[in-house]
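Chemist: Chain by chain, the residues run as shown.
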Amino acid sequence: MLDHKRDLKAWLYLILPLFLLTIFTFYPLIKTFLISLFSEYNALTDDFGRYFDFYAYTAIFNDRFFTNALTNTLVIVFVSVPVSTVLALLIAVSLNSIKPLQKIFQTIFFIPYVTNALAIGMVFNVMFSHPLVGGVAAEGLINTLFQTAIDWVGPTATVERWRTVVLIYTIWSALPFKILVFIGGLQNISKQYYDAAKIDAAPKWKVMTRITIPLLSPIISYILITSFIGSFKAYESVLSVVGTVGRSLDRNRWTAVAYVYDKIGISGLDINNVSYYSRGAAAAVVLFFIIMIFTFLNLYISKKTVHY
Amino acid sequence: MEVRLENLTKVFESKNAARTIAVNQFNFTIPDGKLVGLLGPSGCGKSTTLYMISGLLYPTHGRIFFGDEDVTELSPEQRGIGLVFQNYALYPHMTVKKNILFPLENMNLKKKAIEDAIKSAHLSILPKEAKSYYQFVKESTSLKNKYKRLESEAKAVYQSKIIDLSKIKQNQEKNTKSLASLRQSFQEQLKQFKLSFEKELQKISPENLQTMVSKINHAYALIEKPYQQQKQKLMLKLLLNPIHWLNFNSHLWNALKTMVPETIKAVEEARYKDYRKLMNDEAIAMAKLVGIEDQLHKKPAQLSGGQQQRVAIARALVKKPKVLLLDEPLSNLDARLRLQTREEIKRIQKEIGITTVFVTHDQEEAMSISDEIVLMNFGAEQQKGNPQDVYNQPANLFVAKFLGTPQLNLYQGSLKSGKVMIQDQVVFEASALKNKTMDEVLIGVRPEGYEMDEKGTLTLQPQFIEMIGRDVSLVASHPQAQTPSIRIILNSDDFAVKPNQSIKVKLKPHKTFIFEKSTGRRLA
Chain A
0 MLDHKRDLKA WLYLILPLFL LTIFTFYPLI KTFLISLFSE YNALTDDFGR YFDFYAYTAI
60 FNDRFFTNAL TNTLVIVFVS VPVSTVLALL IAVSLNSIKP LQKIFQTIFF IPYVTNALAI
120 GMVFNVMFSH PLVGGVAAEG LINTLFQTAI DWVGPTATVE RWRTVVLIYT IWSALPFKIL
180 VFIGGLQNIS KQYYDAAKID AAPKWKVMTR ITIPLLSPII SYILITSFIG SFKAYESVLS
240 VVGTVGRSLD RNRWTAVAYV YDKIGISGLD INNVSYYSRG AAAAVVLFFI IMIFTFLNLY
300 ISKKTVHY
Chain B
0 MEVRLENLTK VFESKNAART IAVNQFNFTI PDGKLVGLLG PSGCGKSTTL YMISGLLYPT
60 HGRIFFGDED VTELSPEQRG IGLVFQNYAL YPHMTVKKNI LFPLENMNLK KKAIEDAIKS
120 AHLSILPKEA KSYYQFVKES TSLKNKYKRL ESEAKAVYQS KIIDLSKIKQ NQEKNTKSLA
180 SLRQSFQEQL KQFKLSFEKE LQKISPENLQ TMVSKINHAY ALIEKPYQQQ KQKLMLKLLL
240 NPIHWLNFNS HLWNALKTMV PETIKAVEEA RYKDYRKLMN DEAIAMAKLV GIEDQLHKKP
300 AQLSGGQQQR VAIARALVKK PKVLLLDEPL SNLDARLRLQ TREEIKRIQK EIGITTVFVT
360 HDQEEAMSIS DEIVLMNFGA EQQKGNPQDV YNQPANLFVA KFLGTPQLNL YQGSLKSGKV
420 MIQDQVVFEA SALKNKTMDE VLIGVRPEGY EMDEKGTLTL QPQFIEMIGR DVSLVASHPQ
480 AQTPSIRIIL NSDDFAVKPN QSIKVKLKPH KTFIFEKSTG RRLA
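The listed protein sequences derive, respectively, from chains A and B. Here the first sequence stands for residues 0 to 307, where the numbers follow numbering that gives the first Met the number 0. Here the second sequence stands for residues 0 to 523, where the numbers follow numbering that gives the first Met the number 0.
In short, the hints are calculated from the structure, not lab data. Remember, it's a predicted structure, so these values are computed and weren't measured experimentally. Careful, some of the hints might be misleading.
As the list claims (entries may be wrong) - Pairs of lysine-lysine residues, derived as DSS-like cross-links and limited to a Cα-Cα distance of at most 25 Å, are as follows:
1) B/Lys110 to A/Lys197
2) B/Lys276 to A/Lys205
3) B/Lys154 to A/Lys98
4) A/Lys205 to B/Lys154
5) B/Lys505 to B/Lys516
6) B/Lys97 to A/Lys197
7) B/Lys383 to A/Lys205
8) A/Lys303 to B/Lys96
9) A/Lys205 to B/Lys96
As the list claims (entries may be wrong) - The following label-pair restraints were derived from C-beta to C-beta distances:
10) A/Leu28 to B/Gln339: 31 to 41 Å
11) A/Phe109 to B/Glu152: 36 to 46 Å
12) B/Gln186 to A/Val122: 46 to 56 Å
13) A/Ser189 to B/Lys143: 31 to 41 Å
Ideal Cβ positions, reconstructed from N, Cα and C, are used throughout, including at glycine.
My request is simple: use the sequences and hints to build the entire structure.
Modeler: Written out as structure tokens, the structure reads:
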């Protein structure tokens, strides 16, 4: 009896969040899914149209710009996440082992986190800039420093170059949060394990690989999962770093989210009678499933490797 | 291995210049193969002492010797000690077996075995030269250690001088000047050390050191060279046959066994031995010794407290340390397990005969398993010796109060020309107190130190009888007692006690101690 009463109270508490979740999460999710399957969906009249099929999906996979956007996204995910995690771990360990100035360094490393992402992206854009017509404007900081005249982020930049800049930016901006979380995790590891390791004569690298990393593995796995999800959704980093102010992003530089964003801005049908809006929805659903599969994979691996 | 502590002092300095002297001028020798208990209330400096022996803390002053070797400047891993932490500090992500293996993996057994084998090979090839060479190596290392020690001592003195200087308030200019002169004299001192080190090294190095070394190496190479060539040929032959790819080293060694020259056989054997198996065997043997061989594949969290304790002991012992240190080894166990584990510790210690120091605040624990106990308070030794002797003859009030349950009963009394009196009744006399008169003394009586006697001089007011298992004790009160109630352990024939009816008792002389009230010094 008592248990039932408690249940009732719990449901009561849950009603408001469930209500909000239904409106803002479940309804849009299901509707997006449906829109992606009704290939003649009309966004202006909210009319689903006559056809229930997979044409929107075939259309996006035949779209060169979509596959290219997926590649761009995957490059960002698989380079920036591992690199920034390893870097953050190394920085956190070294920050944790110095006593004087630790707080100051912690603050310095944390500054990017409290700064607006778009603003920093535009600063990167300016730093890597290159005037298209010589002599009109000065070279950016990077070109000046290295005495080069390379177009890193402008319209004539090669794929490798603008991707490099985007990756530098993503890694750099991903560091602070990770460092903060890692430092918190490191400070939670009991000093006794390190004393025990000292007694056991473990060399430094072994303390790192056999004690610190395994004991930190729950946090490492948390960081990996969240940042994989986060970087699958990358868009504003690319937009602000390698976009041109006042113009929409070059189609070759789209990420998956950029593709969606572009498609839902166009009303009407394409030449194959597939609504652009449905194509955007299909792209969003594809991204959703990629992230989901990947997260399950991540969870599965961490269950196997995360100790205790 | 005997452990000797000389004038050991540890001062903790905090930022706001508050100093805590955790251990003060502590002198003690732990005899070889004995189990010694460091006993004292919390904050008395016993754990600090233990950590200084382990090398996790460095003493502010004083020296630590393992046998004849001064280990004060050595790091924990160089000292060769095993330490069992209070919470065991087992690595939670490793299985029991991996926990025990971990110290072994760090020992680099192979390198050490090869070096030892080469040394004995050298000694057998060129006994005279090798002997004097290795003698020199040994002497030069100890010389190096000596100067390292001198340097660090000088540095400590220099740093404490700087701290003292910063505390004296004087004008800026003068301060900088004296600081500069301090630094200069310190650097001068270091230079002096370096010079005399080189001089002494010169003295002990044999004249023909260079030629000696090359002679030894040459003689060794002469034997090794033809063998090495044969070995290379054999390796190539073996490599061509895929059958040998798995376990290549053991195949190779089997083939090499017959052709290796006798003088360097030990070296080659050390090179091809299966160290993984060796370490495994040792870990399993250690697990057997402590009785956890069936738990090897569990994680520490799956074990009970007692089992974790055993794993921690196995991990500490597996590298064959010279000294075993236990920090409050039983405090995390429940009462029954505590009794069992303490016998276990005693058994293990006896079985391998290792010098053991253990720290505890529980007097019963210390008394039950120690060969010798040291009582500490305020960072200083209060008394040391055989547990029963310390119990029977406490040196001062602190020791008498700390040892024994139920606690010693204390009465306020006075001393008049050798006679100790409580409320004008003479309760105790001793020849040591002859001609002494004191207005205030404390009379301490062990709970078992009472005898029912109609003619007894001490009158007590019984409150109730307390029975805990086989122990029957009488709780009573006395106006001059330091505590509201006193406890007396009764014999079974003393049961005829009724509440609210005062009883008369006599004090047993050997269970009664007289202390000076102001200092706690024992008078008799």
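Chemist: So, for every hint listed, does it hold in this structure?
Modeler: Evaluation of the provided hints:
1. B/Lys110 to A/Lys197: Since the Cα atoms of B/Lys110 and A/Lys197 sit roughly 20 Å apart, the hinted pair holds (cutoff 25 Å).
2. B/Lys276 to A/Lys205: The hint holds at about 21 Å.
3. B/Lys154 to A/Lys98: Holds, at roughly 22 Å.
4. A/Lys205 to B/Lys154: 31 Å, violated
5. B/Lys505 to B/Lys516: Since the Cα atoms of B/Lys505 and B/Lys516 sit roughly 22 Å apart, the hinted pair holds (cutoff 25 Å).
6. B/Lys97 to A/Lys197: 16 Å, holds
7. B/Lys383 to A/Lys205: 41 Å, violated
8. A/Lys303 to B/Lys96: Within the cut-off at roughly 19 Å; holds.
9. A/Lys205 to B/Lys96: 18 Å, holds
10. A/Leu28 to B/Gln339: 31 to 41 Å: 60 Å, violated
11. A/Phe109 to B/Glu152: 36 to 46 Å: Distance hint for A/Phe109, B/Glu152 holds at roughly 43 Å.
12. B/Gln186 to A/Val122: 46 to 56 Å: 49 Å, holds
13. A/Ser189 to B/Lys143: 31 to 41 Å: Given range 31 to 41 Å: holds, Cβ gap about 36 Å.
Checked against the numbered hints listed earlier, the structure breaks hints 4, 7 and 10; every other hint is satisfied.
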